[in-house]
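First to last, the sequence lines map onto chains A and B.
If you're matching positions, the first sequence starts at 1 in the numbering used here and goes up one per residue.
If you're matching positions, the second sequence starts at 1 in the numbering used here and goes up one per residue.
Note that these hints are calculated values from the structure, not bench results.
These figures come from a predicted structure and were not determined experimentally.
Possibly wrong hints are sitting among the right ones.
What the hints assert, rightly or not - In the DMTMM-like style, the derived pairs of lysine to aspartate or glutamate whose C-alpha atoms are separated by at most 20 Å in a straight line are:
hint, chain 1, residue 1, chain 2, residue 2
1, A, K41, A, E52
2, A, K64, A, D27
3, A, K41, B, D54
4, A, K41, B, E66
5, A, K64, A, D109
6, A, K66, A, E87
7, B, K77, B, E8
8, B, K77, B, D54
9, B, K103, A, D109
10, A, K41, B, D9
11, B, K103, A, E52
12, A, K66, A, D27
13, B, K22, B, D9
14, B, K22, B, D85
15, B, K103, B, D85
16, B, K115, B, D54
17, B, K69, B, D85
18, B, K103, A, D88
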Amino acid sequence: GAVVSQHPSRVICKSGTSVKIECRSLDFQATTMFWYRQFPKQSLMLMATSNEGSKATYEQGVEKDKFLINHASLTLSTLTVTSAHPEDSSFYICSAPGTGGNQPQHFGDGTRLSIL
Amino acid sequence: AQSVAQPEDQVNVAEGNPLTVKCTYSVSGNPYLFWYVQYPNRGLQFLLKYITGDNLVKGSYGFEAEFNKSQTSFHLKKPSALVSDSALYFCAVRGTPSGNTGKLIFGQGTTLQVKP
């Protein structure tokens, strides 16, 4: 079945560092991918919709300059957390819609980001 | 506005007993409804969906859900719970059909605890 690979699974770094997270659709093409943020035992908060070949669409309240999204190919979207600070520590998850109509989204395994 | 509500933060059941995780929704138009399960530090796994047709939907791992239009509900059920079913469950809706790229709106999540 369709698989979405997210890398890295865990990142621990110092405050001020920029961190890049990759999301790949392994056996299908995704013109759209979604990036979510999840706090402990809470629901997923949609941050932005990544669009292949064009600018990402950000949800209200999400800083575009803080969370840079690039969707350079039909199988790869990246989220870069720039100049990360401890408050950016969270669990970040990407997803891609399956091919065909009304298919469920396929989720990556998430990235645990810890900023010291 | 579209929304999904999971009224229970946690559901506790004994192994072998039936389980129900509740979900109600509010959307304009016909709802596309989904259930996902999340294990610790992992992404979301698709369980089942309702698009149209039979109100009783069967999904993965013995789970099923019943779509009730009059009550705007889509409760998740399983006849006999397993300890391994313990996880975080999310109900989601895609309210406005827009091909396969529509955004999902998630409920708050319900933690299912199955005790031996």
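Here is what the structure says about each hint:
no., hint, in the structure
1, K41(A) <-> E52(A), "violated (31 Å)"
2, K64(A) <-> D27(A), "violated (29 Å)"
3, K41(A) <-> D54(B), "violated (32 Å)"
4, K41(A) <-> E66(B), "violated (25 Å)"
5, K64(A) <-> D109(A), "violated (24 Å)"
6, K66(A) <-> E87(A), "holds (12 Å)"
7, K77(B) <-> E8(B), "holds (14 Å)"
8, K77(B) <-> D54(B), "holds (16 Å)"
9, K103(B) <-> D109(A), "holds (19 Å)"
10, K41(A) <-> D9(B), "holds (9 Å)"
11, K103(B) <-> E52(A), "holds (16 Å)"
12, K66(A) <-> D27(A), "violated (30 Å)"
13, K22(B) <-> D9(B), "holds (10 Å)"
14, K22(B) <-> D85(B), "holds (16 Å)"
15, K103(B) <-> D85(B), "violated (27 Å)"
16, K115(B) <-> D54(B), "violated (32 Å)"
17, K69(B) <-> D85(B), "violated (27 Å)"
18, K103(B) <-> D88(A), "violated (23 Å)"
Comparing the model with each numbered hint stated earlier shows that hints 1, 2, 3, 4, 5, 12, 15, 16, 17, 18 do not hold.
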